[in-house]
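There are 4 protein chains.
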Amino acid sequence: MDLGILEAAARACLDDATYDYVAGGAGDEITATENVTAWRSMRLRPHVLHDVSAVSTATTVLGCPVSSPVLVAPTAMHGLFCPDGELATARAAVGHGTVLALSTVASTALEEIASAVPDVLRWMQLYVQKDHRISQALCARAQAAGYGAIVLTVDSPVLSKRVRNERNAFNVPPGMRLPNLVPLDHDGSDLDLYSLVGAYEPALTFDDIAMVREWAGGLPIVVKGVLRGDDAARCVDAGASAIVVSNHGGRQLDTVVATAHALTDVVAGVDGRCEVYVDGGIRTGADVLKALALGARAVLVGRSVVWGLAIDGEAGARAVLDELAADLARAMAFCGVTSPTAIPRDLVAL
Amino acid sequence: MDLGILEAAARACLDDATYDYVAGGAGDEITATENVTAWRSMRLRPHVLHDVSAVSTATTVLGCPVSSPVLVAPTAMHGLFCPDGELATARAAVGHGTVLALSTVASTALEEIASAVPDVLRWMQLYVQKDHRISQALCARAQAAGYGAIVLTVDSPVLSKRVRNERNAFNVPPGMRLPNLVPLDHDGSDLDLYSLVGAYEPALTFDDIAMVREWAGGLPIVVKGVLRGDDAARCVDAGASAIVVSNHGGRQLDTVVATAHALTDVVAGVDGRCEVYVDGGIRTGADVLKALALGARAVLVGRSVVWGLAIDGEAGARAVLDELAADLARAMAFCGVTSPTAIPRDLVAL
Amino acid sequence: MDLGILEAAARACLDDATYDYVAGGAGDEITATENVTAWRSMRLRPHVLHDVSAVSTATTVLGCPVSSPVLVAPTAMHGLFCPDGELATARAAVGHGTVLALSTVASTALEEIASAVPDVLRWMQLYVQKDHRISQALCARAQAAGYGAIVLTVDSPVLSKRVRNERNAFNVPPGMRLPNLVPLDHDGSDLDLYSLVGAYEPALTFDDIAMVREWAGGLPIVVKGVLRGDDAARCVDAGASAIVVSNHGGRQLDTVVATAHALTDVVAGVDGRCEVYVDGGIRTGADVLKALALGARAVLVGRSVVWGLAIDGEAGARAVLDELAADLARAMAFCGVTSPTAIPRDLVAL
Amino acid sequence: MDLGILEAAARACLDDATYDYVAGGAGDEITATENVTAWRSMRLRPHVLHDVSAVSTATTVLGCPVSSPVLVAPTAMHGLFCPDGELATARAAVGHGTVLALSTVASTALEEIASAVPDVLRWMQLYVQKDHRISQALCARAQAAGYGAIVLTVDSPVLSKRVRNERNAFNVPPGMRLPNLVPLDHDGSDLDLYSLVGAYEPALTFDDIAMVREWAGGLPIVVKGVLRGDDAARCVDAGASAIVVSNHGGRQLDTVVATAHALTDVVAGVDGRCEVYVDGGIRTGADVLKALALGARAVLVGRSVVWGLAIDGEAGARAVLDELAADLARAMAFCGVTSPTAIPRDLVAL
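For the record, the sequence lines run as chains A, B, C and D. Numbering-wise, the first sequence is residues 1 to 350 according to the working numbering. Numbering-wise, the second sequence is residues 1 to 350 according to the working numbering. Numbering-wise, the third sequence is residues 1 to 350 according to the working numbering. Numbering-wise, the fourth sequence is residues 1 to 350 according to the working numbering.
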């Protein structure tokens with residue numbers, strides 16, 4: 001799995017509209033692009049002459065041991081990319097030894113993941129619906145099925161404008177089920193992505209973090225979609241157990257700040273009171289290392305895992321995770337650091 | 001109406017010289033281009049977990065309620081773009097619920113707008129002529145016809161150098177009338193744009209703001225074309241009721257500062273004593289939001305409205321205004337703000 | 001004369017090696033290019049509502065009235081570009097009302113200029129030769145022929161590396177005479193540019209400014225090729241009457257600072273004790289205006305005048321000067337200034 | 001030898017995989033590219049009117065006189081580029097009058113260099129092997145053979161990821177010997193570059209500088225691969241006699257800081273306690289001059305020397321060194337400096 005040509009290789013396996021659905025961002029895709037270039041334009045200042053004979057990428061997230069700080073970001077409808085859908089992704093996560101954050105918009109029921117891949121470290125991503133009963137039920141299901149956290153997405157109060165999808169008239173393919181999002185008594189007719197997303201709650205506030213936690217029986221709440229330190233502090237005040245610095249892969253509002261550039265502010269806002277993760281534009285081990293140096297506990301990877309699925313299902317997704325962790329280990333060795341939890345801040349040039 | 005391809009779609013409806021007349025700027029068009037890129041290169045820092053179930057773009061300008069802070073900038077000769085000319089634009093402004101700033105160089109008489117579209121919120125743009133009597137008469141006509149303000153353009157003391165127009169030998173088309181600019185007793189011969197523009201007063205000073213206000217019977221004077229805080233302060237001292245930060249769409253002097261970059265200085269110079277608007281390069285809702293965050297009360301949109309007219313007359317112009325306001329509402333929701341009058345400054349990264 | 005396509009138009013009139021000789025710079029031409037882009041990337045902050053009914057570009061240099069602050073830079077061998085050579089340039093300078101700085105490497109004798117175009121405001125450019133007697137004689141000739149100043153070039157102690165010339169094997173064409181540089185008793189054989197340039201004095205120091213002034217019977221010495229404030233101060237201490245901020249059009253050492261970027265430091269170093277001029281990359285009136293705002297008394301234009309000569313001899317050179325001054329007048333009016341001697345510093349954004 | 005087309009000329013002499021092996025860097029080659037552009041984007045502020053009739057590039061390194069501050073960097077397997085391999089390089093170094101740093105991965109035995117080219121100023125580059133006895137023996141051999149210093153490479157604890165080599169399946173060509181790296185009792189089978197590099201010691205620390213010095217009988221240790229001032233200071237504390245600011249030509253970890261940007265920090269960290277050299281991206285005399293101005297005693301040149309070897313063996317390598325020194329002398333003259341040891345810091349713009 002050559003990460004340098006990963007996206008191109010996946011593109012060759014997908015129809016254009018599906019490829020565009022994954023690759024695209026909001027508006028002119030300025031933020032989607034800058035998410036990548038922001039990490040690349042940061043410079044490392046490696047330490048030499050440190051003993052790096054025993055580099056390990058192992059760490060913990062929310063107290064849970066993982067083999068590397070590379071987590072699987074929640075992304076929709078893996079059934080678009082391989083026959084086994086999220087089951088393949090779950091098995092890849094087990095193989096690599098990391099967390100799968102399952103999307104509300106997954107094409108596989110959260111219970112099926114839990115029963116078929118019981119060893120997977122699993123978190124459940126949540127879009128709160130206007131009809132709170134649906135979301136409350138989902139949280140209860142997740143708790144019952146052994147999910148270890150709720151990843152509460154807070155950057156999606158309204159529909160975004162994704163030009164590629166509009167031009168391609170992209171929608172949920174006929175026959176695709178979204179069993180975590182659509183009521184079990186759905187009549188089986190085709191699903192409309194925009195209606196579904198349009199049903200998300202636009203009135204969510206910091207106070208609702210406690211509400212969601214209650215729905216989930218006290219599971220930790222990971223708040224995803226924060227780009228400011230002041231907001232992050234309020235999340236922690238309101239009971240968040242972790243923050244994901246994210247702009248939804250540049251897919252919600254174009255020209256928002258790149259996650260690499262927002263990370264430092266959020267880390268300062270949180271001030272050590274909870275873990276901070278980051279997603280968006282992570283493509284190499286050096287990118288991961290920079291995120292760790294700037295204060296992230298771990299990163300989430302979305303598109304790259306999907307490209308792996310599209311190329312070779314479980315094996316492809318696994319290879320992406322393994323390669324990225326190996327690239328991180330290499331970058332750590334070159335920088336004289338041996339653990340994700342001991343990365344000096346000044347490894348990244350100001 | 002896909003704003004992302006608006007200009008291209010309009011270009012397909014226009015002859016090259018007319019397209020160039022609208023699209024072009026002065027000199028090498030460095031400022032015309034930077035007007036656009038300056039907004040794009042500013043980064044938003046969105047707030048999350050604010051209740052955005054009730055976003056409204058409604059606001060007021062000079063105390064007059066409008067449905068959005070997107071006003072129609074004065075631009076010349078709408079008869080070039082659709083048969084109904086400025087009547088179509090006026091109806092689009094009514095439909096959207098905003099202000100039309102009618103150009104002195106309009107192809108429709110100001111009185112015809114007022115009588116045919118009486119509901120339009122209308123301001124009259126003014127170039128002061130060397131022969132002050134012409135301008136004085138125009139102000140009196142505007143006041144009599146229910147115009148609510150005079151938009152005094154102050155960035156046009158001499159003819160600019162527009163390379164595209166020179167190469168295309170662009171001029172007022174035969175038969176085109178400019179009934180606000182040319183005396184009613186004009187002999188009907190073809191009009192020469194350069195002679196008309198060359199008749200503008202080059203000796204205008206801050207003191208003349210009061211003169212124009214007197215001509216207009218005390219109507220508010222909106223001074224358009226200011227790029228510096230010190231000048232803006234002097235305008236307010238001299239009686240201006242509002243300032244438009246503008247470089248005339250990059251059409252007067254190339255390499256002047258982009259309006260996005262001048263806005264903060266002007267807002268500081270005005271120091272809350274009057275409203276500040278801005279035009280130039282506004283293409284998306286995020287652009288509008290950034291202008292508001294930096295202290296603008298509203299924006300004016302010129303070229304985009306013209307492109308709408310060229311594509312589909314009144315309906316096209318209306319669609320442009322509606323889409324831009326909808327895009328603003330979306331950007332506001334993504335940023336956790338619900339009113340144009342309550343946008344925190346730090347929504348835009350320094 | 002469309003300045004926007006001036007170089008392209010001239011190129012069509014010249015053989016490639018001659019075009020390259022003029023257009024090219026040292027090394028990778030980074031400085032030659034940046035000379036142009038540096039002016040373009042500076043932003044103007046125009047003043048409005050100043051009376052600009054009487055803009056004049058007239059000023060003085062070394063006390064001598066000129067119609068505009070656009071002087072003719074010394075450039076070599078005008079005989080390459082039109083049959084009349086520097087006679088055409090001198091007539092263009094008279095026509096425009098400015099100073100001609102005649103090159104030591106001119107293809108016309110300084111006395112011939114003086115006798116054929118007696119009205120021309122003329123300065124004599126000097127490369128000091130290793131054999132000082134040659135230079136001393138040239139200064140005496142210049143003084144005798146009514147030249148008003150010596151422009152002492154100080155940036156040429158050794159041969160530069162000009163890649164285009166090397167690849168083109170460019171040299172002085174057979175039959176071309178250089179009557180100010182080559183002894184009158186030269187045997188008529190072909191001249192070698194590199195031998196001639198290689199004979200320049202590499203041991204010139206600040207003390208030699210006084211020596212040259214003595215050679216020239218007390219004529220003012222304009223020191224050309226200074227890029228630092230400390231050097232400029234030493235020049236003034238040593239008797240210089242003016243400084244030209246110049247990097248020889250980017251033709252001596254690549255990656256030296258662009259003149260637009262060096263100007264402020266030199267102006268500060270001189271601290272008002274003498275006039276400062278600047279050359280390099282000046283292509284538009286806005287460029288000239290920026291130079292004046294930053295403290296230059298005037299600018300020198302080299303390549304553009306040569307392109308004018310190549311296109312249409314005297315008339316072409318004259319048109320270039322006239323167009324540039326007209327463009328300056330237009331830029332001044334748009335910025336609310338009426339005289340080259342009263343340009344506020346803050347017209348250029350920091 | 002036209003340095004401006006050096007790489008292109010060499011490419012024409014090499015098969016693609018060999019060319020890529022030399023030209024390529026790690027990852028996306030961002031650092032490899034920036035090594036070059038960083039020097040180019042620094043601006044020189046030349047002094048004028050200094051006597052430059054006697055410019056000399058001569059200097060000393062570790063007390064040893066050299067004709068210029070351009071040293072030959074250690075690079076692998078010169079047998080790939082010309083039949084005589086490092087013998088040609090050594091002769092070129094003698095011809096130019098500079099130091100050859102012989103690579104551990106040379107295709108010529110260090111003793112053969114010493115006996116065949118006894119006049120060459122020679123340093124021995126060292127990768128410490130996991131099996132320290134190999135490295136200890138190599139140091140003893142180097143000392144016995146008259147090498148004047150050990151260049152201890154400290155930036156290679158693990159294998160780097162070089163995309164070009166992977167795609168080309170590049171390896172040591174059959175028949176190529178690496179007599180300084182591979183035990184003398186090697187069975188003659190083909191060598192595997194990755195196994196060899198994988199045997200480097202990953203546990204090297206600052207304390208090992210003293211160990212290596214002991215192995216080498218007290219020879220000075222030049223620590224190569226430092227990019228930080230704090231690390232450099234620790235090297236000096238640990239007994240280093242000089243530091244080479246290097247990122248291994250951008251070949252180890254992509255997106256590490258360019259050497260031009262790291263130099264100032266290292267010079268400050270060393271604080272005059274030992275000499276500092278720099279390599280990476282040096283292509284012109286101006287690049288060398290900038291390095292000297294920023295505090296480097298000398299530069300090392302790797303790829304350019306290899307290109308010279310590929311084009312014309314010893315003569316080619318010699319021409320590269322001579323041209324670069326001549327270009328340095330020219331740049332010095334244009335900047336008013338006459339010795340590599342007296343370059344003012346402010347010759348480079350901040």
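Hints listed in this document are in silico derivations from the structure and should not be mistaken for laboratory results. Remember, predicted model here, so these are calculated numbers, not experimental data. Using N, Cα and C, we set each Cβ at its ideal position, and we do this for glycine too. Keep in mind that a hint or two might mislead.
To be verified - If the Cβ cut is set under 8 Å, some of the chain A residues that face chain B in the computed set are: (1) M1; (2) V117; (3) V154; (4) D155; (5) D254.
Verification of the hints:
{"no.": "1", "hint": "M1", "in the structure": "33 Å, violated"}
{"no.": "2", "hint": "V117", "in the structure": "32 Å, violated"}
{"no.": "3", "hint": "V154", "in the structure": "4 Å, holds"}
{"no.": "4", "hint": "D155", "in the structure": "6 Å, holds"}
{"no.": "5", "hint": "D254", "in the structure": "6 Å, holds"}
In terms of the numbered hints stated before, the structure departs from hints 1, 2, listed from lowest to highest.
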